[in-house]
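Chemist: The lines below spell out each chain.
Protein chains: 2
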Amino acid sequence: MISATCVAPVNIALIKYWGKRHEDLILPVNDSISMTLSTDELCAKTTVTASESFETNRMWLNGEEVPFEGSPRLQRCLKEVHRLAVANGSQKVPPSWKIHIASVNNFPTAAGLASSAAGYACLVYSLSRLYDIPLNEELTTVARQGSGSACRSLYGGFVQWHRGALDDGSDSVAKQIAPSSHWPNMHVLILVVNDERKKTASTKGMQQAVKTSQLIKHRVDKVVPERITQLREAIANHDFQTFAEITMKDSNQFHAIALDTFPPCVYMNDVSHRIVSFIHDYNEIMGGYHAAYTFDAGPNACLYVLEENVPHLLDAIQKVFPSDSFDSDTYLRGLSVPKVDKSHKIDPAQRNKIDSLDIIAKNAFRYIIHTKVGEGPRELSADNSLLINGLPLEKEK
Amino acid sequence: MISATCVAPVNIALIKYWGKRHEDLILPVNDSISMTLSTDELCAKTTVTASESFETNRMWLNGEEVPFEGSPRLQRCLKEVHRLAVANGSQKVPPSWKIHIASVNNFPTAAGLASSAAGYACLVYSLSRLYDIPLNEELTTVARQGSGSACRSLYGGFVQWHRGALDDGSDSVAKQIAPSSHWPNMHVLILVVNDERKKTASTKGMQQAVKTSQLIKHRVDKVVPERITQLREAIANHDFQTFAEITMKDSNQFHAIALDTFPPCVYMNDVSHRIVSFIHDYNEIMGGYHAAYTFDAGPNACLYVLEENVPHLLDAIQKVFPSDSFDSDTYLRGLSVPKVDKSHKIDPAQRNKIDSLDIIAKNAFRYIIHTKVGEGPRELSADNSLLINGLPLEKEK
Numbered sequence: 001m002i003s004a005t006c007v008a009p010v011n012i013a014l015i016k017y018w019g020k021r022h023e024d025l026i027l028p029v030n031d032s033i034s035m036t037l038s039t040d041e042l043c044a045k046t047t048v049t050a051s052e053s054f055e056t057n058r059m060w061l062n063g064e065e066v067p068f069e070g071s072p073r074l075q076r077c078l079k080e081v082h083r084l085a086v087a088n089g090s091q092k093v094p095p096s097w098k099i100h101i102a103s104v105n106n107f108p109t110a111a112g113l114a115s116s117a118a119g120y121a122c123l124v125y126s127l128s129r130l131y132d133i134p135l136n137e138e139l140t141t142v143a144r145q146g147s148g149s150a151c152r153s154l155y156g157g158f159v160q161w162h163r164g165a166l167d168d169g170s171d172s173v174a175k176q177i178a179p180s181s182h183w184p185n186m187h188v189l190i191l192v193v194n195d196e197r198k199k200t201a202s203t204k205g206m207q208q209a210v211k212t213s214q215l216i217k218h219r220v221d222k223v224v225p226e227r228i229t230q231l232r233e234a235i236a237n238h239d240f241q242t243f244a245e246i247t248m249k250d251s252n253q254f255h256a257i258a259l260d261t262f263p264p265c266v267y268m269n270d271v272s273h274r275i276v277s278f279i280h281d282y283n284e285i286m287g288g289y290h291a292a293y294t295f296d297a298g299p300n301a302c303l304y305v306l307e308e309n310v311p312h313l314l315d316a317i318q319k320v321f322p323s324d325s326f327d328s329d330t331y332l333r334g335l336s337v338p339k340v341d342k343s344h345k346i347d348p349a350q351r352n353k354i355d356s357l358d359i360i361a362k363n364a365f366r367y368i369i370h371t372k373v374g375e376g377p378r379e380l381s382a383d384n385s386l387l388i389n390g391l392p393l394e395k396e397k
Numbered sequence: 001m002i003s004a005t006c007v008a009p010v011n012i013a014l015i016k017y018w019g020k021r022h023e024d025l026i027l028p029v030n031d032s033i034s035m036t037l038s039t040d041e042l043c044a045k046t047t048v049t050a051s052e053s054f055e056t057n058r059m060w061l062n063g064e065e066v067p068f069e070g071s072p073r074l075q076r077c078l079k080e081v082h083r084l085a086v087a088n089g090s091q092k093v094p095p096s097w098k099i100h101i102a103s104v105n106n107f108p109t110a111a112g113l114a115s116s117a118a119g120y121a122c123l124v125y126s127l128s129r130l131y132d133i134p135l136n137e138e139l140t141t142v143a144r145q146g147s148g149s150a151c152r153s154l155y156g157g158f159v160q161w162h163r164g165a166l167d168d169g170s171d172s173v174a175k176q177i178a179p180s181s182h183w184p185n186m187h188v189l190i191l192v193v194n195d196e197r198k199k200t201a202s203t204k205g206m207q208q209a210v211k212t213s214q215l216i217k218h219r220v221d222k223v224v225p226e227r228i229t230q231l232r233e234a235i236a237n238h239d240f241q242t243f244a245e246i247t248m249k250d251s252n253q254f255h256a257i258a259l260d261t262f263p264p265c266v267y268m269n270d271v272s273h274r275i276v277s278f279i280h281d282y283n284e285i286m287g288g289y290h291a292a293y294t295f296d297a298g299p300n301a302c303l304y305v306l307e308e309n310v311p312h313l314l315d316a317i318q319k320v321f322p323s324d325s326f327d328s329d330t331y332l333r334g335l336s337v338p339k340v341d342k343s344h345k346i347d348p349a350q351r352n353k354i355d356s357l358d359i360i361a362k363n364a365f366r367y368i369i370h371t372k373v374g375e376g377p378r379e380l381s382a383d384n385s386l387l388i389n390g391l392p393l394e395k396e397k
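Order-wise, the sequence lines are chains A and B.
Read left to right, the first sequence gives residues 1 to 397 (UniProt numbering).
Read left to right, the second sequence gives residues 1 to 397 (UniProt numbering).
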């Protein structure tokens, strides 16, 4: 019996992946760029165990067993890992041994964060440790076949997923643009918004967008390639102004494409749009971009903000989106935030303008997660295992 | 002293006008097509009086005097009318005579309907009656300079506003595609949605879209020209299926462009999007398009529906968007609606599906206006005048 336990991060796209050119291989219609978030606040954790004695492949997700055979994507990942093990001459695990997998997220699914990206990245990385396969571009093509954006979670820092040109997808790989140490003060606030609408699943939404949006082609052909170049340069130069503008514009355009889909897909809600409007007002007061929003296929806002600006931004958020639970332990999660030093760094005129902002909405968020740029997946010691003798420790939450 | 009193209709765009190629002349970046609504339910009413004894031009809007000199658009319209009067050899009103104008809308501004289009169409049409100028394409260029889409309200039925190519705008004219008698059973339900957000004024929104949206060019160059051709054909053939699909797609795309604007413009709200989702569900149950939504620069839905389908649609609306005031006199306004004959016209399986739809939102609408395709502006008899000896009758509401 042989085991590996790993954690893998969530990543948030700055330039969005939306639309596939091949459904099964999960080949995207355009390049995307993301930032990897620290696993200290948000991560998937996976244990994979292989044994001669296991009769079938089995899997537990957040403590519940799920049918292994029911997931073609899961099976494809495992098959690809087997292929890479052979290609790499790895003989650590005999190919006949079945595997057991247990995976948990340390954040509630309700947060609407891209749990499948972290989950598949963690699965593929764990399998790569088990089968002794190096982390390289080829491994990102395996994660990509589990969940497209999972390929970006195999690296820390800033990551580009290249669309690729080949039909077999072998050049549709993720590559690191810059490690997290390149821009360590890049922080993130995730505003988790209350929402109960049924939404189009993103796989379906993408398919429909490619089929029916008349604007997506222009985005893919013209807009994204330019933005990729500009954003890479902004990251290289620590140019937060350009970084913020491209990030916000690309989030808006992704949602515009979703709306141009027929029937339209709507992921942001009134609260999301109020956050957008507030961030523009806030940046105007600050005389430049101090915060940039981005929204994935859901209503939650992800705000990029440099560390030194976090206290001021959070102070303003609490002013316009006050919450009765602001002082509770569970409202503001993750990294601690120093108190705003009112005498420091912010102009009195700006302070006055912030202080005179009206309340936009009360109790609009379930909670706020404060995190930052982080590293890629890593292996943990055996005492972190989620499986004992191939079976779950206990029902994980 | 000489007077004319007229009414002019509201029009609702099927293919949207969004973006100018010339700000002052109000020349659009693309053609648009609209349907004119019956003046029985919604109209602007204007009296223009010219007299040798008037010392200055004056104007009253909904009973309140407004500064005449403060409106360059108003002055431009008057100047253009003077020019046309000379060109047409009309000597009915000496050019030195000043004019008094009174204008009212028979619908609350709160309805968020395009009151300026009806208002300027009514002003220009009334002036044309006063100065004895024929209604022709040239007159539509005058209304266009008051408020772009006003040019479309000079005709009944289905109307196309041609973008034109000339710099002076002389070929940016409205032309009737088909009179209201061509498709007399084309009805409309306007769902007036509660909303209190501040919104970007449409003039500003358009300017920003042209400046910052990277998708608008593709819409203007490729999408709209195709849709214009298809919609004209659909109207010619009474093809409600194509009519509905193009109308819904173009509404969605207009809002997509607004969202792709930077900062983004958001006109629809959560209720608007729930209406969209409901209409798609409803059409799916009905096995074809029975209703088509369109949204202008605000949250209100305008639903196109053939007369024979109005009772079923309204019944379903009341099921999913129930209102406590449904039976009040002021909730369902305009044309009367025959009761749904449950034994008639609707398949029992469909009826069951409609009956089992869940409530989406309660009291989501202020009221509903039921109207239909209608005629262009017309002159009323002198006893309808809003001015007596050049002064308002009373404070109009």
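Quick caveat, the hints were computed from the structure, so don't treat them as lab data.
Check the hints yourself; a few may be wrong.
For chains that are exact copies, the list does not tell them apart, and a pair is met inside one copy or across any two.
Claimed, not checked - Subject to a maximum C-alpha distance of 30 Å in a straight line, what follows is the list of computed DSSO-like cross-link-like pairs (lysine-lysine): (1) 204 <-> 319; (2) 345 <-> 92; (3) 175 <-> 345; (4) 92 <-> 222; (5) 222 <-> 175.
Here the structure is a predicted model, which means the values were calculated and not measured.
Chemist: Which earlier hints turn out false for this structure, listed by number in ascending order?
Modeler: Hints 2, 3, 4 contradicted; others consistent.
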